[in-house]
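J.: The lines below spell out each chain.
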Amino acid sequence: MHSAKGQESWGYESSDDSKGGWILHLTGRMDAANAASMLRNLGPLLQSKAPNSLTVDLAEVTYVDDFGVLVLIQLRHMITAQSGSFSLIHVTDGVREILSLLHFDDLTEKIPLAGKQVPNIFIRLGDATLGHINDFRYLTSFTGSVFLALLYVCRHPRSLRSEDTVLAMQKTGVDALPIVGLISFLLGLIIAFMSSVQLRQFGADIYVASLVGLAMTRELGPIMTAIIVAGRSGSAFAAEIGTMRISEEIDALFTMGFDPTRFLAIPKIVASIVVVPLLTLFSDFFAILGGLVVGVLMLDLTANAYMAQTFLTLTPFDVFLGVMKSGVFAFLISWIGCFRGFRVRGGAAGVGEATTSAVVSSIFLISLTDSVFSVILRYWG
Amino acid sequence: MDRQPIIQVRDLIARYEEETILEGVSFDVFEGEIFIILGGSGCGKSTLLKHLIGLIRPYSGRILIDGEDISAADSRGYQKLLRRIGILYQSGALFGSMTVAENVALPIMEYTDLSSDLVSALVRMKLNLVQLEGYEDYLPSEISGGMKKRAGLARAMALNPKILFFDEPSAGLDPVTSAGLDRLILHLNKSLGTTMVIVTHELQSILTVGQRVIMLDKGTKGIIAEGNPSHLRETSRNPLVWRFFNRRPEESAIPA
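Those sequence lines, one after another, are chains A and B. 1 is the number of the first residue of the first sequence in our numbering; add one for each residue after it. 1001 is the number of the first residue of the second sequence in our numbering; add one for each residue after it.
Read the hints as simulated data drawn from the structure, not as lab findings. All figures in this text were calculated on a predicted structure; none of them were measured in a lab. Certain hints may be false.
[What the hints assert, rightly or not] Quick list of in silico lysine to aspartate or glutamate cross-link-like pairs, EDC-like style, CA-CA up to 20 Å:
1) Lys1221/B <-> Glu1068/B
2) Lys1190/B <-> Asp93/A
3) Lys1080/B <-> Asp1117/B
4) Lys1162/B <-> Asp1028/B
5) Lys1080/B <-> Glu1068/B
6) Lys1190/B <-> Glu163/A
7) Lys1190/B <-> Glu1033/B
8) Lys1218/B <-> Glu1202/B
9) Lys1162/B <-> Glu97/A
[Stated by the list, open to error] Far from chain B, by Cβ distances over 10 Å, these chain A residues were calculated:
10) Ala36
11) Ile73
12) Ser83
13) Ser85
14) His90
15) Ile98
16) Val328
17) Asp370
18) Leu377
Using N, Cα and C, we set each Cβ at its ideal position, and we do this for glycine too.
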């Protein structure tokens, strides 16, 4: 019997010995490319033949690596399972070397599989609980250190890393202006358009201006801006600090005597608190502009009338409320972004997770805080 | 045994932008030998290695790996070539989201038809070989630098490539682990006949495993010495080579 496929291939011839044993003369390469086909061909053959011993002749084999050894181990396993005996003949020095390197003679048992064990539900529950407790403890201490650092910066304003802060202001604020402007403009346009359809039935076109102005300055302006900032900058904070964490830069900062919170987090937090309210004002402005466009082009209002109605509706308190809320959102976004960054463990995947959870947590906190504001204002204002 | 050159480099010029790193480098690596590229910091060792594995295309010159021109290969040819080489990166470059065993199993799963049982048996054998038995389910972030390097080696030789490239294999390892790695390299070279190309400046390793070395120099941007390392240490008259092999500082350095 013979099989040959291609040039860098393998083959075999077999013969029976006098005592009911089977001798397998292998030829060619026993390597990664051939191991699978060797096992596919020889396995069933050996099983159907069921000899009382198997002798593998390696005289014609040109190359054996650990894939080849695996084939030999499998063959030996199969013959011993049929209570036959296994032997190798014509083993060259090179092959003997690789066999001893891989402890071929000691591996009489089938190699135990490295199965991944899934821990039971209690272990996982406990693990998750401990994880959350740890997270919470770290969050508490991080929050504490942020407030301490902020306090320190208030008392020693020159300790603020001004260059980093200005850079963070540019990245978080100035660079976000085009997208915030565009989205707010479109949002104003949409609100005006949608409401005009309803209000027109009552001849209340002019109240489109009130609706757009009020909705944007009090609620949507701050929220839209905050969500954009969370997506643009909160994620960036987490990724930057997280990458610094896994490349030991944060350890380096710490051992050089810097407080990582004050060095990395405070410039970002201060910058966000300064620029996000400004972005919100721009957002309000562009949204009202969007409403104005609809008012003038579709509702036949004059620009003057539209603006007069807007100013009539909006009180300074509405604008102030929106700006104040956005300041709070800014703190939350930068705080959670930095926190997720500092918490990164592991490698690249950890940075990815931190970035995702920074954005998700930010959006959650923004909605939650906004609801709290609404409830307070409902009973207070 | 008549030795065939498996890597041929001819008149290689390497440049980053305007800066020339290597100027007209030519050498051969023969099948089955342990070949070491050495030199001081900034001499272009790593640049040369990146050229050899095709990560950077040469500015000019030819690099033949196993008879194929890596600088002229199209992407399919390059892919085929990559199957024949394995690379151990300086810090292991294990994928952080996979366990050690999954890292090693990845190329085996992808490029062979073995069943997953057999693959995991092979992975165990390979991890045994680099003395990482019992660490199958650890993530790279949970093991030490030396272990990462050994796991990286297990992954590099997952498919038993014809040529293994090592980027500073002993950097950051303790002497015992480093000596163990040297012995492993010798064993693999002897039993599998794998050609090894090692970039290093670890003197002890060079003398232990190196069969032939080339030494690069920053000043001449090329090879200043070639030959057997022990022989070079004894006989070289080039002051740069002599200083390297005898661990002497440059004259301008701090006086003794």
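J.: Need the list of violated hint numbers for this structure, in ascending order.
T.: Structure breaks hints 1, 3, 6, 10, 11 and 15.
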